[in-house]
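Novice: The two chains are supplied separately, each in an independent frame; assemble them into the complex guided by the hints.
Heads up: the protein sequence lines correspond to chains A and B, in order. Mapped onto full-length UniProt numbering, the consecutive letters of the first sequence carry residue numbers 1 to 197. Mapped onto full-length UniProt numbering, the consecutive letters of the second sequence carry residue numbers 1 to 590.
Hints should not be assumed to be uniformly reliable.
Straight-line Cα separation of at most 27 Å, BS3-like style, residue types lysine-lysine; simulated pairs [unchecked claim]:
hint, chain 1, residue 1, chain 2, residue 2
1, B, K184, B, K68
2, A, K191, B, K191
3, B, K191, B, K16
4, A, K109, A, K191
5, A, K191, B, K184
6, A, K63, B, K134
Using C-beta positions, here's what the derived DEER-type ranges look like [what the hints assert, rightly or not]:
hint, chain 1, residue 1, chain 2, residue 2, range
7, B, R344, A, Q107, 25 to 31 Å
8, B, S181, A, Q107, 35 to 41 Å
9, B, D320, A, E60, 36 to 42 Å
Worth flagging that the hints you see were computed from the coordinates, not collected in a lab. Note that beta-carbon positions come from the ideal geometry of N, C-alpha and C, so glycine has one too.
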Amino acid sequence: MNAQKTDALSAYFLAETSDVLETHTLSIIVDNEPGVLARVIGLYSGRGYNIDSLSVSETEHEKHVSRITIVTTGTPQIIEQIRHQLDRLVPVHIVRDLTVAARNSNQEKPLERELALIKVRGEGEKRLEALRLSEAFRATVIDATIDHFVFEITGRTNKIDQFIEILTPLGLVEVSRTGVAALSRGSQGLKDLQDEI
Amino acid sequence: MQREMTGAEMVLQALKDNGVEHVFGYPGGAVLPIYDELIQQDAIQHILVRHEQGAGHAAEGYARSTGKAGIALVTSGPGATNMVTALTDAMLDSIPMVCITGQVPTNLVGSDAFQECDTVGITRPCTKHNWLVKDVDDLPRILHEAFYVAQSGRPGPVVVDIPKDVQFATGTYEGPQANPSNHKSYRPQLKGDMTAIRAAVELMSKAKRPVFYTGGGVINSGAAASQLLRELVDQTGFPITSTLMGLGAYPASGDQWLGMLGMHGTYEANMAMHDCDLMICIGARFDDRITGRLDAFSPNSTKIHVDIDPSSINKIVHVDLPIVGDVAHVLEDMVRIWRASSFRSQPELKGWQTQIAKWRARDCLSYRHSDDVIMPQYALQRLNAAIKGRKDVYISTEVGQHQMWAAQYLGFESPNHWLTSGGFGTMGYGLPAAIGAQVAHPDGLCINVAGDASILMNIQEMSTAVQHGLAPKTFILNNSYMGMVRQWQQLLHGNRLSHSYTESLPDFVKLAEAYGGKGIRVTKPGELDDAIQEMIETPGPVLFDCCVAQLTNCFPMIPSGKAHNEMLLPDEATDEAVANAIDTAGKSLV
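So here's chain B without its partners, still in its complex pose (with noise of 0.2 Å):
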């Protein structure tokens, strides 16, 4: 299709044709073209934000939820700055995010104008791609572009930054390319080597002690890449563990679930990938709160990489067995092989299932109830009750100690569930992440676990909920504190609580009433069951207060330069335990 157009309706046509449905934003000068044709058509959404920030989390919680590309439009100078920390989010967890800025017109480009910033400079490292269109003519093949860039390969967030006299200027439209795989330079690797994977099934057919370590590469690569990940378990009966960004690939009530792995994971998981001999890491990273003291790190195993970026392989960890390739591709030929050659399991495997039910008989996630008062993990084991067995159900946190707790005590039994921020650790993610997710699944149930520290910092995006319609659950664990610095001062820096208490918190009840939703304030463990169901029951946004222990500790934990065997359980963690868990030279760094 090739029609002479306006650069801003350009825009809204390259949207359709790469079938957006949704645009989260805030407008301002220098995208009012653009803003302009939103206006005058239907098919596509505009969710106004009330602040940058919150429409680049509202974009991936979308994203997350649903696989696709989720899009944000905003305005040049602050608003593009604004957007800073949700691109780099996106970077980190590898989000499919198209990002269009307004900007200057091209002659006060670099002139220091008024909202003038150099936003492709500002977002060059924090992006996977981006572009500043100088000519109309470009644009459609720039904003083509920049849907294959974000979604293909390892997904990302792309810049769009379009000068406001380029959105005016007209110019020819041309629709996506037929085979955007054929791009001139950036060729993803999809299919993985055969001779590898045909190697990496021999090196599974004949541990002893395995263990699959999967990620958020799992859920990146699609529906499919779960499905073979479950069917692969299965036929291989091997225990499998994930990291914080793939859970829900493989359900927990599955037979061969450990647990998340990492700093907060539990102790089965850990023990399983030190004394495995066979580590099988599929869309995961090594991240340091994955490893612990790296020198320790399952010292004994050999270890098999699946990953669709080259970069990945041998970054942090040295790997015995590179497998470079798109998830989903690569599983599909180890789950054949697998059957082809009719591979069995070693029958030691048995012996591995029982050392790993000993480990889990640990009860490394158990703690102390009170009748009194509300235990924070206690609050969490009755919201997964309540939303049990329901398959519409989206959980977004922001971060800190409800965000591990969350991942500990939730059940996740399928892909793109599960919405948070993982390699960044943004405060803030949450609410608008569940509000992206409540616009893509408006009959969902999305529920924000939150923190109180955190909630506030997007707070004003509930009234981005109230005036769309939209219904996400803010499920705020308040203890007061920034539970997680606190829990590090009392580890690392001998219980001075520097700055982590909050003296003046809002009536998060009031709160929401002002906003136009409803507030509950529950104290008492007795009143959790009613309050989560007339929670779960209001027809709005909701805060839901829940005031619980001040000074709960996240555990199990693998303290800073420890390593996965050297786990602290929460039963262990008497005070001087707490104190004396980290030496001096692990205090040094975070």
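With the rest of the complex left out, here is chain A (with noise of 0.2 Å):
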């Protein structure tokens, strides 16, 4: 059961396993005390794993409590280590999977949503042909002048990815994306979900 044929051979060994890279979106509530985010962010460099979107902020003032939310790529072992490693940390409340907790519950996937802001230069024809694509993806204008737009958009990553792309030759100058903000759907909250694979 580990036999995962490699040719290195060193007392170090490391066995490259032929399993396939998942995406999970991990939800972590952590206290919300000086260094807690380095904790995390430093489990995760100093151990190897991969951070795709992070984003944090206090969810409950009185209780000086954040939410964690990192959407991380790796193997199926691989993401269950992060998540025991996570847990292990002191100020870490709760870690769930909600990647696994929405499989375990025959969904696709976690509601998953994103801000980004965009800002596009252009004059003319390209400056209508922005704003008419900002309407076909339901994003709003926060910024005008006559040279250029900031949007707002909120949606799927992979929503963002194709607006972004889709405004590149229209004169993108920046965007600035919040990172992923994850619930499970259903009436349950983070504690009772059921994320062991």
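Specialist: Below you can see the structure in the form of structure tokens.
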């Protein structure tokens, strides 16, 4: 069962797994204390895990509690490791793998949204085209002059990627994105989610 | 209890309230208020070391030999950074340690002040948890929490960083919480899942070729865990091996003892691991020095893994039946269920024992004795003979060949008597660790088995021993080489001995005398017994310079990239076999 063949021979034998990489969304409830984000990020960099997206903010002010949402890529075994390693941190209250929880209740994915602010500069036809596209993508204009727009758009990561790609030839100046915020579908809160594989 | 006091007074009060009797430390600007309190009281004894790293390892030795947290107290900046090696060492071996560091005053934090460093930033990855205390009113709560976190669950080191103005400030002290396990976010799981434990016992009752593979987790779980392990081994009659960290949990004189496993483990232990049909891993973590080549690691066994840390499960090796819980709790349930269900081991166990006896008969620890030169193995056998039967002996080691030989040739009968740097492999660990053990056990015999290179890394602690009337004995297997480095250069790098020979070693006898200790030198095998006796009977610290055969290799050995059943045994290790033991791919990594 540990038979994962590689050519590397060493006492530091690191099996190259043939497992497919998966992208999972983790929700982490932590004490909002100094250094807590550094602990989470340090764990990722120190152990060589990937962060695709990270968002963090205090969610319950009275309880002094923050919610961190991390989108991460790895083999299922690595993602399970990440979950346990995060749970080991003293100020971490709850870690849940929303992707696994969704899968366990026969859903495709958890609810995931990202917000982006996008600045486009252009005149004439290009400017009009950008505005038309923003309507198609349900983005809103939050700042404008005769030679620029700033759009605000909310949606799944791939929708925002798409919007940005389309705007690139139309005079894209810069983009600011929040990273993914996520919740599970259904009435259950994070604590009650079943995310055991 | 509630009382107004300064931050520095709170530190002392919190130490007392958490049962601390000894602190290892070194003063400096940013901890002076705490030192000022230390000298005005008698309840806590301070042991002044000669280097902060020494304080850390001494605290570890104290912790490993008592099961209680070891305490270190150092100043800011270099004081804190000198602790980093010891903290990481304690982290890797799960040793409870509370380290208190001074910090520059809060208004100077972040200004590159004199002796300032980002202590919590630097120590974040090498502690179980750490705190920077910004308000004196938080200090008592944090100190008590620090003790709880260090000693509960999977133990580990913690750092409490206290700025100097917080030490001077006055606040309200409160005693430890009655129920610290009620922590808001940190709740280690002690009790194992009963369904899983029942399933484990059932697997055990059906096993034909079972083996217990135990580790430091058994020691960390306390004396009861070792007792329960012995009971379970007696009840089942299963053979048992252990990692370096777990030696002593099951007695070396026990019927089922296979010896240590892993890279320098015994032939019988590694073969049993390779051929078993059921592996019961208890409080060990499938370290790379244990498993050897992973894709050939115990290929046909069902694996049970008991560990208090869920992140240890399936980290390296996929297991069939994980049980998250404290070793003593889980073993208690296992023993009870085994008894209550009147399980019997399978009759095939007899054949398995016969097979093991055949492997044992291979006598993998044999070596060629010499009448002229002291073989290092022989020196340890004589040391073992001299301490046999004594219950008050604590052995520490440095890191290298001597460490492996000590693990192979000294028999450990009980837990907490073997102090060695396993996970991190820290040269310079042994002498301060022996000092720490000696502080905890003033009447005990604390022996640091050392190499000539390792001992020089913290030799300055001889001065600590002399000052505090401590009498650790350092038994140096002196071969003038960094023996393990030389052995690997022979195995991996065409015997090109790049910088592994120490040309100008000090005269260890004179060095001992310079520190105010005693030096003994032995060069002939015939002189060993009397000299060892003299060492043991010397009331003060001793450097025992045991000049051994220079080019001896440590066998048996699983060479890089090989499996448990591909060991290099001493009688097969010709120069040619050694040179070709590791193929090209294996040379690329250690």
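Novice: Which numbered hints does this structure break?
Specialist: Structure breaks hints 3, 7.
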